[in-house]
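Residue numbers (this note's numbering), protein chains in the order written: chain A, 1 to 314; chain B, 1001 to 1272.
Keep in mind that the hints were calculated from the coordinates and are not lab data.
There could be a bad hint or two in this list.
To be verified - Result set (BS3-like, lysine-lysine): computed pairs, CA atoms no more than 27 Å apart in a straight line:
#1 B/K1128 / A/K20
#2 A/K42 / B/K1161
#3 B/K1128 / B/K1022
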Amino acid sequence: MNKIANKAVVNNVLVEVAGKDKNLVVLCSDSRSSASLEPYVKNFPAQFVEVGIAEQNLVSIAAGLAACGKKPFVFSPASFLSTRAVDQIKVDVGYSHTNVKLVGIAGGISYGDLGLTHQAVSDIAALASTPGLRVYLPCDRFQTEKLIRALIQDDEPAYIRIGRNPVADVYEEGNVPFALDKSTLLQDGTDVTIIACGEVVQYAKTAGELLTAQGISARVIDMYCVKPIDEPAIIKAAQETKLILTVEEHVKIGGLGSMVAQVVAENSPTKVVSLSLPDAPVIPATPAQIFKYYGMDADGIVKKISALKSDLFS
Amino acid sequence: MNLKKKAFELRKDVVEMIYRAKSGHIGGDFSLMEILVDLYYKQMNLTPENFKDADHDRFILSKGHAIEALYVVLADRGFFPKEDLDTFGTFGSKYIGHPTNKVNGIEMNTGSLGHGLGVGVGMALAGKMDGKNYRVYVVMGDGEVAEGSVWEAAMAGSHYKLDNLTAFVDRNHLQISGTTEQVMNLKSQENRWAAFGWNVISIPGNDLDAVDNAVALAKKIKDKPTVIIAHTVKGFGVSFMEDKLVWHHRVPNDDEYQAALQELDRRGARYE
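Whenever a hint applies, use it, and build me the whole structure from the sequences.
Following this line, the structure appears as structure tokens:
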């Protein structure tokens, strides 16, 4: 099992780039250790801004830095960053269109037993609906590195959600297919399509393999780019398979499943089923236990598809 | 032109805009006009020519609803043709009711209150990081400082010793629902900002000389940001609008329009 958290990978990339690019600036809100930023802070104190526990100001300051040519990367727990500072994100980042990269750490239910205050389960709904803002949920350390390296190159705002804990690798070192704003096909198939984003992609991938073993042909899509969403890949899946199942570490309303359903309904109506977190605080447990409890892990995905398959395909 | 007279002439442009569009925030436009005139005509290193350069002074109208005042100043300073403002309030015009950076001369979109000072802190930090000499100016309304985010930014401004940052509080004592003290007591602005570690200068804010002296003084202060508490009169320049809540965003009728222009002419003529 991989021991390197995605946030550590982000830090490594920033440490590497900061030495070459003096305009790279990292900001946090008393969250440097939660974000694993100590190596960066130690090496580049002049390119680091601590704002204290003040997420609104965190985002506004970053926007001001960006307006003067800096390339700010903002780190704060996704729960606070995504909804407490939502007006600053809407106005100072999305609307003013400043080059601010917002990194929500400990996203989703990373803090499984700390309560809803510390869980970011509506960040996609809050931020994908913000005009001018892109939203990414990378799944593993390799894809996270590719994504951060790509985003450092552009000057458009984005929100990136990553989790707190190391997650199982979906890709292999040296074999990480990646195109910015295009989904990644993990496995092709003709019966059913599983579309997932973020750290539950690992379950979608395993489920695809289990389904293959059962004789069900499953297509598995890693939709790390939630916005702009890869509409052609979704429409193709709707046309070529008989069921689309979405999996996300987010509530059902306004998340990946909602967005996929909208694309499917508008273009090629097909049954879409969403596996997501409840419209209520989750049961206090570890992330793995929570995903199992709500039927969102690999077994849950397989069971859901098995239960639906007699109606749709044989 | 004498800049004191200029402030009255620009108010006439505001009256014309708002009368034509049947929309605008005339009271707040008038209370901060001397601040804008001093900054844009005298104190700031900001012109249409250097606006895209890295070294120009930055300005953020955090009380974005006073946009008509900023528009007439920017037009008069040559950031865009004055005729462009004829489209204000019409279908598809980029000259909308709050600042946007689609308009030449405006850097940040504002309108949601309590954002400008934090953005200004970021701009001032960038200047310090790069060893630039530019200064950052932020104008807030007094009702605006009820926003908690203002005080997050106030903390950061003094923490980072941003002596390249000057903020204004347009202290006209009126907001949309009543006096600021009826709605949410703001007294004393001077004490509150001083407690947050800022250099505080308190002035009569419709006195152009006082504004100019305060802005000049702020440039000499080291290791602290400065806030200028500008004690202004909402609707300043037209006696029947002055200190009247209704003129927060009332549109003048035909008689009021004529009377306003005449009084602004008369009062401006004192400075010829």
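Verification of the hints:
| no. | hint | verdict |
| --- | --- | --- |
| 1 | B/K1128 / A/K20 | holds (19 Å) |
| 2 | A/K42 / B/K1161 | holds (22 Å) |
| 3 | B/K1128 / B/K1022 | violated (43 Å) |
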